[in-house]
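If you read the protein sequences in the order shown, they are chains A and H. So the first sequence is numbered by this note's numbering: it starts at 1 and just counts up by one. So the second sequence is numbered by this note's numbering: it starts at 1001 and just counts up by one.
None of these hints come from the bench; they were simulated from the model. Any given hint could be a false lead.
In silico lysine-lysine, BS3-like type, Cα no more than 30 Å apart, as pairs [stated by the list, open to error]:
{"id": "1", "chain 1": "H", "residue 1": "LYS1419", "chain 2": "H", "residue 2": "LYS1094"}
{"id": "2", "chain 1": "H", "residue 1": "LYS1112", "chain 2": "H", "residue 2": "LYS1094"}
{"id": "3", "chain 1": "H", "residue 1": "LYS1419", "chain 2": "H", "residue 2": "LYS1308"}
{"id": "4", "chain 1": "H", "residue 1": "LYS1019", "chain 2": "H", "residue 2": "LYS1112"}
{"id": "5", "chain 1": "A", "residue 1": "LYS30", "chain 2": "H", "residue 2": "LYS1094"}
{"id": "6", "chain 1": "A", "residue 1": "LYS30", "chain 2": "H", "residue 2": "LYS1419"}
{"id": "7", "chain 1": "A", "residue 1": "LYS92", "chain 2": "H", "residue 2": "LYS1094"}
{"id": "8", "chain 1": "A", "residue 1": "LYS30", "chain 2": "H", "residue 2": "LYS1308"}
Partial list, computed: chain H residues near chain A (C-beta under 7 Å) [stated by the list, open to error]:
{"id": "9", "residue": "PRO1102"}
{"id": "10", "residue": "TYR1195"}
{"id": "11", "residue": "LEU1344"}
{"id": "12", "residue": "TYR1348"}
{"id": "13", "residue": "ILE1364"}
{"id": "14", "residue": "TYR1369"}
Just so you know, these numbers come straight off a predicted model, no measurement behind them. For each residue, glycine too, the CB sits at the ideal point set by N, CA and C.
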Amino acid sequence: MSLSIADVHRIAHLARIEIDAGEAEEVRAKLDAIFALINELAAVDTTGVEPMAHAQDVTLALRDDGVAEPAASAAYQRVAPSVQDGLYLVPKVIE
Amino acid sequence: MPAMLAGSITEVARALRAKRYSCVELTQGLLDRIAQLNPALNAFITIDAERALADARAADAAFAAGNARPLTGIPIAHKDILASAAMRTTCGSKMLANYASPFDAHVADLLKRAGTVLVGKTNMDEFAMGSSSETSFFGPVRNPWNTAYVPGGSSGGSAAAVAARLICGGTGTDTGGSIRQPAALSGICGLKPTYGICSRYGLVAFASSLDQAGPFAQTAEDLALLLNAMAGHDPRDSTSLDRPAEDYARMLAGSRGARPLEGVRIGLPREYFGAGIDADVAAAIDTALGELRALGATTVDIALANVKLAIPVYYVIAPAEASSNLSRFDGVRYGHRASSYSDLDNMYEKTRAEGFGAEVKRRILVGTYVLSHGYYDAYYLKAQQVRRLIAGDFRRAYQSCDVIAGPTAPTAAFRIGAKADDPVEMYLNDIFTVAANLTGAPAMSIPCGFDRSGLPIGLQLQGDAFAEATLLDVAHRFQRATEWHQRAPTLAESTGSLPPEGTQ
Chain A
1 MSLSIADVHR
11 IAHLARIEID
21 AGEAEEVRAK
31 LDAIFALINE
41 LAAVDTTGVE
51 PMAHAQDVTL
61 ALRDDGVAEP
71 AASAAYQRVA
81 PSVQDGLYLV
91 PKVIE
Chain H
1001 MPAMLAGSIT
1011 EVARALRAKR
1021 YSCVELTQGL
1031 LDRIAQLNPA
1041 LNAFITIDAE
1051 RALADARAAD
1061 AAFAAGNARP
1071 LTGIPIAHKD
1081 ILASAAMRTT
1091 CGSKMLANYA
1101 SPFDAHVADL
1111 LKRAGTVLVG
1121 KTNMDEFAMG
1131 SSSETSFFGP
1141 VRNPWNTAYV
1151 PGGSSGGSAA
1161 AVAARLICGG
1171 TGTDTGGSIR
1181 QPAALSGICG
1191 LKPTYGICSR
1201 YGLVAFASSL
1211 DQAGPFAQTA
1221 EDLALLLNAM
1231 AGHDPRDSTS
1241 LDRPAEDYAR
1251 MLAGSRGARP
1261 LEGVRIGLPR
1271 EYFGAGIDAD
1281 VAAAIDTALG
1291 ELRALGATTV
1301 DIALANVKLA
1311 IPVYYVIAPA
1321 EASSNLSRFD
1331 GVRYGHRASS
1341 YSDLDNMYEK
1351 TRAEGFGAEV
1361 KRRILVGTYV
1371 LSHGYYDAYY
1381 LKAQQVRRLI
1391 AGDFRRAYQS
1401 CDVIAGPTAP
1411 TAAFRIGAKA
1421 DDPVEMYLND
1431 IFTVAANLTG
1441 APAMSIPCGF
1451 DRSGLPIGLQ
1461 LQGDAFAEAT
1471 LLDVAHRFQR
1481 ATEWHQRAPT
1491 LAESTGSLPP
1501 EGTQ
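Only chain A is shown next, with the shape it has when bound in the complex (with noise of 0.2 Å):
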């Protein structure tokens, strides 16, 4: 398998992670030579080989639905770029 540059803006597109046109070359060998390495896999026979999603056996862990933690959205908001009123501000999505 060879990745191609068209390959690679289209997975740059769904990781939204701007590759500009010089660098997509570089980017594309780097990632040929990894999935070199990847592809060793493909010749493991895993026929009825449950697929092992985590270390340990345990289903995941269910709390009481009640209030567990108080209401501290200023103190997040404290980080993020752009904020007004409690709102995230983005660039607008609406015409």
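With chain A fixed as given, assemble chain H onto it according to the hints.
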């Protein structure tokens, strides 16, 4: 008071209790040493002298009041991936260069409550993605044994700071070897606990099914003391295990005679002793195994047929989880935001292009690809299946042994820049460490020799889930019989002649 050298936690605790010096004197002495040596090592991203001295005064008050605990007054530092409300949490990234966390990581909170003195936050590979601590936005960390070399990574700042005797202990996180490999390359001890033992609450997430916090120190005994404070159930981490409290130092007391490891079976996977291992590393491991046999342990050959696939499995699963975790850095709620953009999508793309370094971007792209439509089964599901095959190999191996031993890394430290442009070459440093993250089992590294250039070599000890006390016991018995862990780099004498950054 002369500039201090950080002793082991056990020694320093004894000295503080005996009032040989106060904690304020100790802390000031270490702050002086940090001020002297950190410019050459770049081990710290943030140093907070005022706060450290306030902690030290509180510790002295605890000693005066007679309610000191095992870690009271012990100077430590946290890897800058642990959120702390008291000082910025950068994760080694431009993305979080000025991030002030509203909360403390659970393990940081536990160590604070245990009475430790927090000196600062240590440098690391950006978002813990690396094996050399070179990718930090704040510049590379340098190995105290030779500043032209890397200290290992990603927790290289904590490892270098403990190795240079700037602090008595430190924290790190280990997703694929990021505690054990820098411990090996810096000549100290580091432990990755069983997944779920230490809460991940407040660790900047890299790969959630693999990340685990753990301690660095000079000795196995010190690791046990730190782990005693760091472990414990935390409902804020849904994968934190709710188990009865355990004293990880319980097996370390007493001498047990000349053969304290009688009955301990050490497995030697043939896959860990093959081609690709530096001859000096192989010789040092061989000598260490001889020492363990002399202490009463028996060695048995074992096979881990699928462990050679651990690196490819890891480099699917870790980037996949990272691409998901790091999607939160969007320039909206915290962290860097690009200064100019055309619309919301473009703001995300520019923010992330500017805020992340090259290796972090690569891993996000790999993860995005393996999770994308049409590739999920071939990559992500396949990797999870092979992960189970690897876990099965270890489960079978532990039927015939208690501990698995081998090198922590295939070579001693490499030169700064030597592998920086070759990601795959860098990934292969983790060839012996990633399996423990995939299985979730505990593993540690302890010093066991030096290579021809005088750089330290680490012995890795792995155990089955919850075998920390046994691993620490084997390491402690080894350290009672040897003195590799007492070797420290001679930085004080060489400081004056260190060339400035970029000239080596």
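- request: Output the numbers, in ascending order, of every earlier hint that fails for this structure.
  value: Hints that this structure does not satisfy do not exist here, as all of them hold.
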